[in-house]
Each structure stands twice: as structure tokens, then as C-alpha cells.
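There are 2 protein chains.
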Amino acid sequence: MPTDRGQAAGRPTISEVAAEAGVGRATAARTLGGYGHVSPELRGRVLAAADKLGYRANALARSMSTGVSHTIGVIVADIGNPFFAGVVRGICDASRAGGFDTIVLSTYEDLDEEVAATNVLIDKRVDGMIIASAAVGGRDVGHIKEALNRGVPVVLVDRAVPSLDLDAVVIDNRDAAREAVERLIAAGHRRIGFVWGPPMERPPATRRELLEAASRNLWTDGERLRGYLDALDDARIPFDPGLVMVGRKVEERVTEEVARMLALPDRITALFCTETEAVTGALRALRAAGLAYPRDVALIGFDDSAWAAVMDPPLTMIEQPVHDLGAKAAQVLLDGIRGVEPVRETHTLRSRLVERASVAPPP
Amino acid sequence: MPTDRGQAAGRPTISEVAAEAGVGRATAARTLGGYGHVSPELRGRVLAAADKLGYRANALARSMSTGVSHTIGVIVADIGNPFFAGVVRGICDASRAGGFDTIVLSTYEDLDEEVAATNVLIDKRVDGMIIASAAVGGRDVGHIKEALNRGVPVVLVDRAVPSLDLDAVVIDNRDAAREAVERLIAAGHRRIGFVWGPPMERPPATRRELLEAASRNLWTDGERLRGYLDALDDARIPFDPGLVMVGRKVEERVTEEVARMLALPDRITALFCTETEAVTGALRALRAAGLAYPRDVALIGFDDSAWAAVMDPPLTMIEQPVHDLGAKAAQVLLDGIRGVEPVRETHTLRSRLVERASVAPPP
Chain E
0 MPTDRGQAAG RPTISEVAAE AGVGRATAAR TLGGYGHVSP ELRGRVLAAA DKLGYRANAL
60 ARSMSTGVSH TIGVIVADIG NPFFAGVVRG ICDASRAGGF DTIVLSTYED LDEEVAATNV
120 LIDKRVDGMI IASAAVGGRD VGHIKEALNR GVPVVLVDRA VPSLDLDAVV IDNRDAAREA
180 VERLIAAGHR RIGFVWGPPM ERPPATRREL LEAASRNLWT DGERLRGYLD ALDDARIPFD
240 PGLVMVGRKV EERVTEEVAR MLALPDRITA LFCTETEAVT GALRALRAAG LAYPRDVALI
300 GFDDSAWAAV MDPPLTMIEQ PVHDLGAKAA QVLLDGIRGV EPVRETHTLR SRLVERASVA
360 PPP
Chain R
0 MPTDRGQAAG RPTISEVAAE AGVGRATAAR TLGGYGHVSP ELRGRVLAAA DKLGYRANAL
60 ARSMSTGVSH TIGVIVADIG NPFFAGVVRG ICDASRAGGF DTIVLSTYED LDEEVAATNV
120 LIDKRVDGMI IASAAVGGRD VGHIKEALNR GVPVVLVDRA VPSLDLDAVV IDNRDAAREA
180 VERLIAAGHR RIGFVWGPPM ERPPATRREL LEAASRNLWT DGERLRGYLD ALDDARIPFD
240 PGLVMVGRKV EERVTEEVAR MLALPDRITA LFCTETEAVT GALRALRAAG LAYPRDVALI
300 GFDDSAWAAV MDPPLTMIEQ PVHDLGAKAA QVLLDGIRGV EPVRETHTLR SRLVERASVA
360 PPP
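Protein sequences appear in the order of chains E and R.
Numbering follows numbering that gives the first Met the number 0, with no gaps: position 75 of the first sequence is 74.
Numbering follows numbering that gives the first Met the number 0, with no gaps: position 115 of the second sequence is 114.
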């Protein structure tokens, strides 16, 4: 909720003005932001409450200036991923409630496309941007800094970029992964495969090499890997680099790697999958090997879906709060557009382990 | 391919100019469209070939005028549907190859949102629009006519709107549905459920009432219903209105309706599902009734996916050429932007029945 951000700065928030005025937050935001329709009576109550509480923001000055297009731009890594489709739905719903239209560009994980997309949004004069960036290091963020330099607020979603001091809305990837792997360990597993790891050319010789590769790649994947290692460490299970898939992050590669892990002398008895394609790739490998879950191999994966629930047996999956993730990012961005001073924090939302029937003790 | 369109008008196409010049189509298009980078040598060859063949288009005049933003806008009914996500990918790939950026708006099947989205795109000065419209009748298309009146080319994708005389790129919904239902009939089924039909308040008394409701609703759904009826007619199987789901098009409703059809004295032995949610809803109903596919009930659905292939048994599904659908729509639109005279035809791409293991004879 934006409340905590305002309170951190010791100033009344829009929510507090709304409560004082006895109106909804959206009405207060419309009044204080100077956009959309608000009846004269409600407008009067909101302005009186704002006056009483000493609410101030450059919002009024800002949104009454010309050039506010009431459009926000969203750049996602891959709109074909149901995860991002859900995030975009949350952004659209929240921005629409705030009186803003949303335009979306998909970069398909290509940083050059992301740079081009940022330029398109600047050119189209959006009032702010939400970006799930393909950037993995400080050298990749010139385009985001360029947008900020032009006065366009930016909020990151799903993927924090450590080198950028910006508001970011993410889920608890590391905790979610740790909880899932702990669940497998609690069922008795010690040989737990991890798909997928960073796209390295060859398998890592050491844990350190693996973590270094992860830190040069996607933040989200790296956090999930750290959660896997946390759970192994807590249970004093030695790390085995042979149980981590590296290489191209595609379904075919997952199938190959899981087949390899199933053929080891001390084979895996459980799998933790960080993506939908990793789950479907793993299921193909199990079937090809004539193995069934949860009898021969236990399995937990990201992200929950209608399909996961109708599998036989149904799959235990991690459900991400995709709609909330998008809605929260939009709220933070709209606050920024209305002139609320950014606190540049990482907002972490909780995921949920949906327990079904794909975890059983080792055979 | 755009070739047939140019040939229909009796004029050389960009592809023919490209062939004559010995260059790729993209190079010829860039040269004739006056955008992007083309080396002086290739440019000279293309212009000579265009001259020799008598190629003419208002493309040059048009794209050299100011105001061309090299951006196209896409309005889809629901970006959360993997079908549209795939179509958008095809549009992005083809428009990028043609030197255009793509911005996307999702209306979540709300016609008011679609009108707003059209205004946003006009406001953002896109060079053309691709729309999967939620419009179902002539009274709903004012916003599309408005865009056309402002000189913005529009191509429809996935959904034809019969009252609009526009280029549309669709799949063979009716034939695809007929082929799938014929497959079920060939396996011996005569009691075949259909989910989902039009969102009627109460079940139709007659076939005519059902078809009238369908004609007032989404074109795609109506075509699939007609294909189902075609297959029944060809096999002289009498139409039973009790085997068609009507009402809200959501998974929960599918589960209720399939449960009802399974409880009939003369119960269904097969199901044809027109959407992914219809498939997952049907699978929930089968499981709740303690029935298995294909042993107790055969099943075919739209659309194929990685999940459908890893189900046990794997599902027989209809695969739509989603990427081609988007790419073709983008090609037709870019031709229009470059001034190629529109022929205002419906381009129909072929879907494919992917046979796996969810069809068996009736019990």
C-alpha cells in the first residue's frame, strides 16, 4: 500500500486524506491529481481534508501542467509468458482505475529491443514507465537512466536491477524457492534437481562459479537458485553441481538435462522447477524414462496455472500474486507521476505454495 | 503472401520487384517504402527493377511525408490468452523486420476499452492498427470507422467483423471445428457435448434460436459452433440443444455444464471444447464424476499447448498458426501503410488437428 511510503516521509498520504474526507482512495487521488470526474461536493470534502492534514505534493502543479497524456507505458520481457500477461492485467486494472491508459511493448528478452521500446515510449510521451528489464548489470541500464533524466518516472517490476536506485515491485523469489525445496527435504529427499540455472556454456565446477554466473544473469533466476542453496545448507545437504541444469533456457534442454539427472548412479528423487517450461520439460523426461510422479520423483514448480490443477495427479506449485504485482507497480508509478517523492525501495510481495499431489517420499 | 493481393489488382508486387532486383523482400520494401537503411547499390537495383516492372504505389509519397512514426498499434481482446500472446509475437516479429515498432493495448473483451484504446492509438499517431475486436455487430464499429476516416489503416485479426469491409486475417474456425467433430464421430460418438456456445440467459429451445444468439456474439465462437453443426448434419446426427453449453464463458461454468451433460440419462460420450478454459473446466468435471478420458469420454479442444502434450494421456488438440496469423496481419498492414491499395479480403490460414490420445470409441 502506498501508505507506508508516505508515512516513511512523515507526510499524510492520499489514503489518509481519503479517510479524513470519508471518500474512496480513487476519489481522493482524482481530486488531488486534478484528473477524471469528481462531483463538486466530494471534491470540496477532499480539498478540505487535504488542507486540514497538511497534505502537499507537487501533484497538483504537475498534473495540471500541459503534456500529461494520462498514458503509462509498460515494457515486459515476454508478453507470451502467462506470468507477465497476469502482471499486465494488474497494471491495466490499476492504471485504468487511476484514469490512465496503458500501452505495452514486449522485448522478448532482448536488451536492444528494450532500448528501442524505451525510446518509443519517450517519443509517445507517456507519463511514466513500468519495466521488467532484461538488463543484468550496470552497463545495461543507460536507457533507463535516459528516461529518468527526461523526467519520466520509472518503476521496475518482477526484476530488481541492483545497480539502479529505483522503486521495484517483486516477489519473494528466494524465500519461495527455499520453502519449496524445504518441503521436498521434509518429505525425505536429498537428491534434488534444480532447473533451470544460469545459461553457462559448461557445468560449473564449484558452487562459487555457479553463483558468479547467476549474478551475471537474470536477477529472478539467481534469487531462486539462492533459495535452493539456502534450503540445502539449512539441512546440511552437500551441494552437487551435477544436479543443476545450465545452458539454454528452453523446454528441450530441460528434458535433456532431467534425463541426465535421472540416469545418474545416485539419481535425483525430486525436482524443483523455476519456470513453466521447466515443469513441462521435466514431465516429458519423466515420461520418456517410464517414471511417474510423485511415486518415482517428487516435483514442485513455478507458476501455478489452471493446467497444473487438472494434471493427474495435480501438481504442487508456487502461485505468484501476479495481479497484485502489476497493480502495486501501477500504484507506485501513479504516485510518482502525481509528484509523490519516490522512496526508491523494493516492495516485496508474498508468493504462496499451493500443495497438491506431486510430492511424496523418495522411492 | 502479399503476392496474391498485388496480382489480384494486376500490378507488380514488392515481392516481384525484389525478385527482379535479386534482393530480399525486406530490402525492396525498405527501398520502396523510403525507410530504414539500404545500401546505395541495392537501392539502385530495386528502383531500376521497380521502374522496369512499372511498380507504382502511393507508398513513396506517403512514407516520405512527415508524421510517419514507424509504429503500429495492436488492440487485442485479452493479452492474457496465450492465443493472443502468440499472435502479438508474430506481429512484433514481422513489424520489426519491416522497421516498425509495435505497441499493444488489451481491452479484456470490453468494447468501451476498445474505443478508448483506439483513441489512444490515434492520439499516439501510430501509422496503422491491427485489431482483434470485441465488436459483434454494425453498431459497435464507429471507433474503427473513425480511425479509417482519419487515414489510419486498420487490419482485423482473428475476428472478422462482417459489417466492416476490411482486410482480415483469420483461421479456418468452421473447418477446424468440423474436422475435430468428424474425428469424434468417426470414433463412433453420437452424443457429443459442445463447450462453449454463446452467452445466452437460458438454453436455446431450437437450433435456430441458438444460431441467432451466435450471430449476435463473437464471430470466432459462432464459426466453431457452425462447424460442430456441419459435422452433425453430415453424419445425420440430430441436434440436441441440451448438449450445448450456454451462459458465462468461464471455467467454473464449463465444469457445471459438463457435469450436467454427464448426468443426462443419455449422457455425452465425447466433448468438443472451443477454448483452453473449456478444456480445463471439462477435465475438472470428468475428475469430479470419477470418469477418465478417453475411456469414458473422448475429448478434443482448442488450443494446443505444451501442457496439452504432457497431460496423461496427452490431449488431441487443434493447433492454430498463431505466429503466422500475427505475421500475416502485420504484412498486410505494412503494405497498407506503404500505400498498397487494400483489396479488403479475408485471409484464412489453416489450423491443424494434432492427434494424440484423448479420443477412443464410446464405452
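Please note that a few of the clues may not be correct.
[Unchecked claim] If you want the footprint, here are the derived chain R segments under chain E, 3+ residues with CB under 8 Å:
(1) 83-92
(2) 95-103
(3) 106-116
(4) 261-270
(5) 308-317
Since the hints were derived computationally from the structure, they do not count as laboratory data.
These numbers were taken from a predicted model, which means no experiment stands behind them.
In this text, a Cβ means the ideal position worked out from N, Cα and C, and glycines have one as well.
For this session: Please write out, lowest number first, the hints stated earlier that are contradicted by the structure.
Result: 4
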